[in-house]
Structure formats: structure tokens, C-alpha cells
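J.: For the protein sequence lines, the chains are A and B, in the order given.
Residue numbers are given in numbering that gives the first Met the number 0: position 116 of the first sequence equals residue 115, and the series is strictly consecutive.
Residue numbers are given in numbering that gives the first Met the number 0: position 109 of the second sequence equals residue 108, and the series is strictly consecutive.
Because the hints were derived from the structure by calculation, they are not lab data.
There may be inaccurate statements among the hints.
Since the list gives no way to pick out one identical chain from another, each pair is judged satisfied if it fits inside one copy or across any two copies.
[What the hints assert, rightly or not] Dumping the calculated DSBU-like pairs for lysine-lysine here, alpha-carbon to alpha-carbon at most 35 Å:
hint : residue 1 : residue 2
1    : Lys69     : Lys45
2    : Lys166    : Lys115
3    : Lys72     : Lys175
4    : Lys45     : Lys171
5    : Lys105    : Lys158
6    : Lys98     : Lys158
7    : Lys115    : Lys171
8    : Lys105    : Lys69
9    : Lys2      : Lys158
10   : Lys76     : Lys174
11   : Lys45     : Lys164
12   : Lys175    : Lys98
13   : Lys115    : Lys2
14   : Lys98     : Lys166
15   : Lys76     : Lys98
16   : Lys45     : Lys115
17   : Lys174    : Lys68
18   : Lys164    : Lys175
19   : Lys166    : Lys68
20   : Lys69     : Lys115
21   : Lys166    : Lys45
22   : Lys72     : Lys115
23   : Lys45     : Lys174
24   : Lys174    : Lys115
25   : Lys69     : Lys98
26   : Lys69     : Lys175
27   : Lys171    : Lys76
Please read these numbers as outputs of a predicted model, since none were measured by experiment.
Listed here are the chains, written in short residue letters.
There are 2 protein chains.
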Amino acid sequence: MVKIVVLRWGHRPQRDARLTSHVALAARALGANGLVLSDIHDSNIKRSIDRVTREWGGSFFFEMGTCWKKIVKEWKKEGGIVVHLTAYGENIQNSEIVKRIRETGKNILIIVGSQKVPGQFFSEEVSDFNVAVGNQPHSECASLAVFLDRFFMGEELVKNFEQGKMKIIPQKRGKKTNQEARSKT
Amino acid sequence: MVKIVVLRWGHRPQRDARLTSHVALAARALGANGLVLSDIHDSNIKRSIDRVTREWGGSFFFEMGTCWKKIVKEWKKEGGIVVHLTAYGENIQNSEIVKRIRETGKNILIIVGSQKVPGQFFSEEVSDFNVAVGNQPHSECASLAVFLDRFFMGEELVKNFEQGKMKIIPQKRGKKTNQEARSKT
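Excised from the complex, chain A in its bound form:
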């Protein structure tokens, strides 16, 4: 099974707090193994994501503080590839780029920027693929979601999150979990 880790670059603690949380929630819900917040610490986000994982299951990890260059270098050394999500890259819809990435069979580090990213991110030294989820201004949270959904072909959305205390029981109407069966209609 291919391992996918998200590298979140350029996080600014005040400004990006909720967005980075959402990137992490999306990564977890859509099948990534973990997220590394590079170059900076933000313990509030780590706490809230770790709590979600404790309550809702699975083994999603949240790490932080390591320099992005070191992460990329070690990832490549271990045989993984790097996918950079950017509106300037090859369009995911008409370039068969997801197929090409899948065919490498390798573990994937997905870089999602927050601020404008360094030019280096586009280079061969860093990214093996530059992927655009459409070539319009975008949300990195949305781009990540679409990329993961397409990569896993939806399988991630029905997988079991092991050892979660909480589980939702899907319904046409109302809210139901394994903890309580409240139907609000």
C-alpha cells in the first residue's frame, strides 16, 4: 500500500491556523497517512488534530518543525517521490498525471504551500510532478482533496478508521453516531 504524507509549507501561526487545520482534516479524511508542518511549530493545531485522531480512529500523524529541505531529501533517499500541488502545473484532468504518478508505485510526499512558494519547489531537485487541480487560483485544501480522491479513486472515503471511539452511522436525514442516536429532523 502506497504511503502518502502531506508537507504543509509556509504556515503562519495566526493567519493560517484554521486553514492548516482544514488541510490536515482533509488529508486525514481522504486517506493520507500524516501531515508534516514544515519549518515551524504550532502546538494548538497538533493538539486538535491528534484529538480528532484519538476520538475518530485511524493512525494519522501530525509532525512539525522539521526544515522542508530535510524532509524532501530524506523522503527521496528512502525512494519516495514528491508531488507539488500548484495551479501552474500539469492539469489533473487532461494530462493523465495521476495515472503516471500511480504507476511509479512509490510513496508520495505532497507539498501544499500556503504563501507564495519558493521557485525551487518547481525544480527537479524537489518535485517529481507539478500537479494543477485546474489552472485557476485555488484553495490548497480543495486541491489536496481532489488529488487524494482521484488518486485513491474514492476508496479512502469508505475505509474503516480503526480504534475510533466515535463512528458516524450515515443516514438520509439527521445525525447518528455509535455513541448516541439522535435524529434531528
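We have chain A already, so just place chain B on it with the hints.
T.: For chain B alone, coordinates are given in the frame of chain A:
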């Protein structure tokens, strides 16, 4: 052509500013016709989204301030349906819910909450479909992106945004637009 509008509910100006911007950017990039920020005004977001549309093309609209009940009522009166995105709903992956929604052939108002939403949102008076992009805690921005991508089956990602001054020329590496051809490698 089916018309899709996003209703963003529960926006808190300070806390949700960037997230709501990202929801709007995702809605635009992934083919929605517009977004209505219900019950509140936030002119900063409107300004920034309108600027994106002016520069990058298309006819995405951003409206705000109308009460959500009024929006839903008028939408239904004009024959449209309402889709509520919630982790508690039917799982998009194994319920054929997108197919059922598509088969109605009707215009779609997609409700995405920010805070915990009123129980009413789950009721027949409001939502025709409650859709879960997986049944795990999620980002509404990510859920919206996956829903739109699946609804349009990717077509939205290669559509032409008319009258945009700026256009990206997709590349394997570097950044290139119709305005300037800079290759950063």
C-alpha cells in the same frame, strides 16, 4: 446546463475569513456559478473574490447578507434542489447519491456550514439530499471540492474562464502565464 450556487452559512468575520475565501475560490475553480454568504456581510472577502474573477475570468458571483431561510425558500420556489454537505449524510462513495442528484436535472444550492449547523438543515423543509464526503470529521472546503469534481466529472477543471486577463499556461515545471513567460527551474 445545471446551475450550482454555494450557500455559505455561519461565517464569523474574523475567525472564518480565510476559510470562507477558500470555499469561494474552490467553488469558482471547480465550476460553481456563485456563492452566497448568508445572514452577514463581509466586504473584504467579496472584494478579493470579485478581483479574482475580474482578473481570471468567468462569471462567478459573490453575494452576501440575505437570510438563509429566504435563499432556500426562493431557490425551491424556482424549482431548484438543496444539497447539504455534512459528515452525517449518505456517503458519496457507496450510495450513488451524486447520480441521484444528477438525475433530478435541477439547479443545485449546496449548503456548506462553518460552525455547527441548525438541526433544520437536515430536514425535508431544507435539504433534499444530505451528502457526506466520507463520514469522518472534515473540512467543508475539501468536501465541496470533491462534491463538485464528482458532480461535473472533472469537466470543470478544463473549462475556459471567459474574458480573463490572466491565463496560466500549464507546464511540467515553472510558472507561465499569458502575461509573462517566466520559467523558474
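J.: Looking back at the numbered hints, which does the structure fail to meet, lowest number first?
T.: Going through the list in order, the structure violates no hint and respects every one.
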